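Visitor: The primary structure of each chain is shown beneath.
Number of protein chains: 2
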Amino acid sequence: MNTLAVLHAAQLVTLAGPGRPRVGAELSDVAIVSHGGMLVRDGVIAALGRSDEIARQMPADAQVVDAGGRVVLPGFIDAHAHPVFGGNRVDEFELRARGASYEEIAAAGGGIRSTVAKTRAASEEELRQQALKHARWFLQCGTTTVEGKSGYGLTLADELKMLRVMRDLDAETPLEFVRTFLGAHAIPEEFRDQPERYVDCVINEMLPQVAAEGLAEYCDIFCERGYFDIETARRILTAAKSHQLRLRMHVDQLTNSGGAALAAELGAATADHLEQTEEDGIEALLRAKVQPVLLPGSVYALGKTRYPRAREMIDAGLAVVLATDFNPGSSQTPSMPMVLSLAATQMKMTPAEGVTAATINAAYSLHRGDRIGSLEPGKLANFAIFDCTDYRELAYYFGIPQTHSVYVKGERVFAATS
Amino acid sequence: MNTLAVLHAAQLVTLAGPGRPRVGAELSDVAIVSHGGMLVRDGVIAALGRSDEIARQMPADAQVVDAGGRVVLPGFIDAHAHPVFGGNRVDEFELRARGASYEEIAAAGGGIRSTVAKTRAASEEELRQQALKHARWFLQCGTTTVEGKSGYGLTLADELKMLRVMRDLDAETPLEFVRTFLGAHAIPEEFRDQPERYVDCVINEMLPQVAAEGLAEYCDIFCERGYFDIETARRILTAAKSHQLRLRMHVDQLTNSGGAALAAELGAATADHLEQTEEDGIEALLRAKVQPVLLPGSVYALGKTRYPRAREMIDAGLAVVLATDFNPGSSQTPSMPMVLSLAATQMKMTPAEGVTAATINAAYSLHRGDRIGSLEPGKLANFAIFDCTDYRELAYYFGIPQTHSVYVKGERVFAATS
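Going down the list, the protein sequences come from chains A and B.
Going by this note's numbering, the final residue of the first sequence carries number 418, and the count climbs one at a time with no gaps.
Going by this note's numbering, the final residue of the second sequence carries number 418, and the count climbs one at a time with no gaps.
What the hints contain is simulated information worked out from the structure, not anything from laboratory work.
Since the model is a prediction, treat every value here as computed from it, not as a measurement.
Please note that a few of the clues may not be correct.
Since copy identity is lost for identical chains, a pair holds within one copy or between any two.
To be verified - Derived lysine to aspartate or glutamate pairs resembling EDC-like cross-links, with alpha carbons at most 20 Å apart: (1) Lys348 / Glu94; (2) Lys241 / Glu217; (3) Lys409 / Glu283; (4) Lys289 / Glu279; (5) Lys289 / Glu26; (6) Lys118 / Asp390.
Given these sequences and hints, build the entire structure.
Guide: Dropping the structure here:
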């Protein structure tokens, strides 16, 4: 038996609590063991307590990880990301700095479509190499599970290619990838005049093949004016459900088009973005227990000021999730600490609410609440040590990595330069 | 002779150009050598050119730094920071997330005053240890020169203590500290009912001693309603000039109180913040050739949306500077790449304008334009290698350190985990 003892944590932020997503005031009540320690056996958490108690319990041959008065947290769970793509969009980024809007760039053939062209042109190995760099970034920021979407292929072959890259990186790297099929991310150029034929392709060709190969656990859609309207979204997602895929949805990002209500109607696991969602949308999510996934990185990076109504959602009793939305067009950050900063400064979420939304609530949104997202006996020993003495410093400082080291199943997978 | 050859830079962003701050359209025109290389002799840049040319020129015993197809930039120069302080303000940060305003917290005895209490209570050695951590952060983000202000002591002894910490860190670490006396940062608690007595203390006790000990090169003041008004600022800064200190000023951050005009009147090197500055202020700065120092980190971290008018300033012909304003109350980032991201996404500055403002223009604002801020023969070999192939990626990605390694006077002072 391989035993690891984590000792001398100034704060062991366990997030222990009821075995379900945290709602309302619970979000602001993170469980912390001061001067904490943790015992890990074969990659699974065996015990938690005060460091001196853990030191007494540990076997003589235990490998000791001295947290050195730092903060220990569960690995972050990033429940909405686009970690596989070809190239980047720095040219477009510069155009936006010069005043062009995201919508103008998209209308001129840029936006998602430009990444689609680069992703199609890239070989599976080229995509894998680029995504490997992103995987290292996620780990370096303390993220140990990332949800990853396809959606830059938009042909059967290219969507499968993206999903295979994530399947392979999940096996080859310590980062866990939860795969989501997002064939309905945009209407590709070649179907511009016959969008309904692309929808047929998604339903009749892509979904059955993705399901048959077991390449995705979730299906997502960009439900938005000019992309996929409510009726089309209902058709695609209903088909996805018939293939036993669970649902996530991009809704109400640019306009309030009733996407939150559709997510509720279809029993989606999550409704993501929600920048334009109003009271009725919040109520619909609440009734159907859909978890909102808030993505402040994309509001920031697009230079907008309308953030989703995090406070109203929390106060209404929703089990809010925070994620990076890492992607080359509208949110170029893989950093959950950066998202905690944005949540605190732009959405008035406290550091405790942020951390809860970025760990245990995110785990439940991916149906993994029993395995990851908190430090409790029986859960995987996925954790990060941060170079601070108070977990709130993760949201307080920004733009600087405070990661000291990261562990997945009890194995060290990243260590910063000392 | 100790020779270093930097080879194989995808882009060697030299910022070479006229020997003066860059104004207007010049800000968007950064000089770049593709496939570049650089020869360094005894810490000073000797030659720049194509990598293969540099390889031919280099002596046999040259130490080779293989940039490996990455981007090389001059070290960032952070021309406005508060790197020495006791404690932090995470409690207050949490209160702000819960809805309290910066002004409310200051009125309740928080804000600058709470850091003053912690800074006074800290020994010189404790302050030095904490600032050493900050110094490592700056270097890690690619900054090689930082302007550092006193201003959390507000007694003669405590102001001298802060300045000595910076003097010592300048000598002991590779990071260059340019020291600024900011005794007029706030009226300390004990002078609350007799603010004019504190002003007398600054003028008659602090300034002469700071000057006599050679502890500061600049004098700064927080010119703002409730802090130091225009008349008082004029008195203090005029006294500072009589001690041969150059001037920098915090102006127009919270209200437009005519601070920009005063900076112009007094011939200050810089006028900093300027969130509330209007056309007349811009014109005044232009006439007097005062450089504006823009601090988007503090707008962001305070959750505000009114950024300074960077575009109008550039278009008017001002030699704009970007800086972090690193401090525990309103801008908790030591990262210039984070500031480049903020400048692009929130102030519509292009990556080229950002980089110019963060290097050569910042150098001139500190009267060091002949020594640092660009990669040109005769200048110090202070440079950073970033793990990307296009310098615009520094502004494009955010929250993630892209620093590969950092060099000061040709010596490597930071290397990221590979």
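Visitor: I want to check one pair: Lys241 and Glu217. Are their C-alpha atoms no more than 20 Å apart within a copy, between two copies, both, or neither?
Guide: Intra 11 Å, inter 68 Å, cutoff 20 Å: intra-copy only.
Visitor: Are the CA atoms of Lys409 and Glu283 at most 20 Å apart within a copy, between copies, both, or neither?
Guide: neither (38 Å within a copy, 61 Å between copies)
Visitor: What label fits Lys118 with Asp390 when the C-alpha limit is 20 Å: within, between, both, or neither?
Guide: Intra 43 Å, inter 17 Å, cutoff 20 Å: inter-copy only.
Visitor: Check Lys348 against Glu94 for me: Cα-Cα at most 20 Å, and say if that holds within a copy, between copies, both or neither.
Guide: between (30 Å within a copy, 9 Å between copies)
Visitor: State whether the alpha carbon distance between Lys289 and Glu279 is at most 20 Å within one copy, between copies, both, or neither.
Guide: within (15 Å within a copy, 51 Å between copies)
Visitor: Given identical chains, is Lys289 near Glu26, meaning Cα to Cα at most 20 Å, within a copy, between copies, both, or neither?
Guide: Within. Shortest intra-copy distance 16 Å satisfies the 20 Å Cα cut-off; inter-copy 55 Å does not.
Consistency with the previously given hints fails for number 3 only.
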